[in-house]
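Mapping of the sequence shown onto this note's numbering: residues 1 to 531, in sequence order.
Each hint can be trusted.
Label-pair ranges, simulated between beta-carbon atoms: (1) Ala453 - Ala198: 28 to 38 angstroms; (2) Tyr463 - Pro253: 18 to 28 angstroms; (3) Thr11 - Leu67: 21 to 31 angstroms; (4) Tyr235 - Gly212: 17 to 27 angstroms.
Within a straight-line C-alpha distance of at most 20 angstroms, the following computed EDC-like cross-link-like pairs (lysine to aspartate or glutamate) qualify: (5) Lys175 - Asp260; (6) Lys175 - Asp129; (7) Lys41 - Glu132; (8) Lys188 - Asp260; (9) Lys175 - Glu132; (10) Lys175 - Glu399; (11) Lys175 - Glu126; (12) Lys41 - Asp124; (13) Lys41 - Glu126; (14) Lys130 - Asp35; (15) Lys188 - Glu161; (16) Lys175 - Asp124.
If you're looking for bench data, these hints aren't it; they were derived computationally from the structure.
All figures in this text were calculated on a predicted structure; none of them were measured in a lab.
Even glycine gets a Cβ: it sits at the ideal position worked out from N, Cα and C.
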Amino acid sequence: MAYNDAMGRLTWHDLAYLTPELTLLIAAIVLALLDLVLPSKVSRMYIGWLALAGLLTSLGFVISFMLEAGGSSLSGVGSAEAGPLIRLLGDSYRIDGYANLLKVVMLSAASLIVLMSLGTVRNDSEIPDKGELYTLLLPAVLGAMIMASSGDLITIFVGMELLGLSTYVLVGMRKNNGPGTGAEAGFKYVVIGGISSAFILFGMSYLYGVTGSTNLGLIGMRLPEAIAQYNSLVYVGIFFLLGGLAIKIAAAPFHAWAPDVYQGASIPVAAFLAVVSKAAALAVLFRIFYNTVLRDTEVFTGQGASLGTDAFLALKVLAAAAMIVGTTAALRQHNIKRLLALSGVANAGYLLVPIGIGVAGFHSSNMSEWLFYFIAYALMNIGAFAVLAVVGKAAGHEEMSGFAGLYYRAPWTAAGMLVLVLSLAGLPVTGGFFGKLFILLGAAQMRDYWLVAIMLATTVISYYFYFSIIRQMFMRSAEGGSDIRIPAATGLVIWICVAATAVLGVTPGPVLEWINSNFNLSVDLFIGGFR
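Hey, can you work out the whole structure from these sequences and the hints?
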């Protein structure tokens, strides 16, 4: 393991470990200045390409760290060995396998979103400040990366606010005159984001008050004593944190903002909220819960424990509510953006299941189940938003009727969308099918059969609205609208997502092996170990 200065100060040598984050920071500053000095007649699409180059450079640094580390093939709870672990700023910032895996997913997703936007935003009159779109995306991704690497409540909040402030502006950037305007969506998102941040900060303050530390490892170690002395205060802290993060990931019943915000935001921004922002909040939830309340569960204490049992039960109830509410609310949706937002609510429930079921001696593959499905979720959502961008442009609206007769107007695009919709529905042979299957088997292994039943029921119910899209594409004739013109960049994103979704559905093994070889549950998530 590598440590920084003994006093927790950052040294010049430590900056080498922060090259992925520094790359995005420098790129954001340079592009903001470039946007200011360039003449108005110069296309801001150049800034988009430079932003994409910055994201790919940062991704290259993360991958090089992973290759240098070599990974660890151990993933069990009791593993004593681990790959290289970098601790910075007194263990408040960690370069570990968990963070690196999430950064690869976040940066790859952000790169696909930027590439998609380069083909669709160029002639979009509803986004007048195209340069600002790309300069604000970079600090938003940086905030998500900070959240993934944080081992301290303070750095988590700093990353969360950097992500939040950037996305508040991005959502309100769209200047449209139809229902769900960008200004309205931006206002709603600011208010809801402020409430969620207040909940999270309030919960953090209670955890700090009862443990005397903001470091997740120290909080976990001191939690048993805190529970004995301040049981009610610990409950308040944990459940306020859970409520605030549930708002961030749009899990029911904290989801009402998502359809309105997605509808009002531009398609690249809506895709970013659906994938990168959700990944960052889930990453924080995973790390906090497995460093704190998991230590108070029966598998580690050897006896019945109240806080851990109640907290993980709350997570499972939240997952069930998200699956049920998201699926049923989507049944009557005809706007594709709102449908994808509610589909994201249901998928937030699926993604909460591996976190909520906890670990036991016979089941410790939560991370691989969770991350595999999130990769599939990211691909099928970004691909679906990319198809919506070109279809909505041709139809002049974002309603489901815009997909009518798509097979006859753009057969290859319709075939690609078919693969993405089948993956969203969880049908073989797609990445979404194996992702849901692995989560379902994990829940069954932990004997949470009621969650298995809800997963199966909501998946079957979701076929109705997913198949409605297929019915429009293949069984309806085209009604009006212009020809489907697919920009090269957007088309490339669509087929990358389609191909990767199909590959995950045929050979999931390499991705699972990649996750397990770079992740060690006992070292990456259990900060400070167990005492």
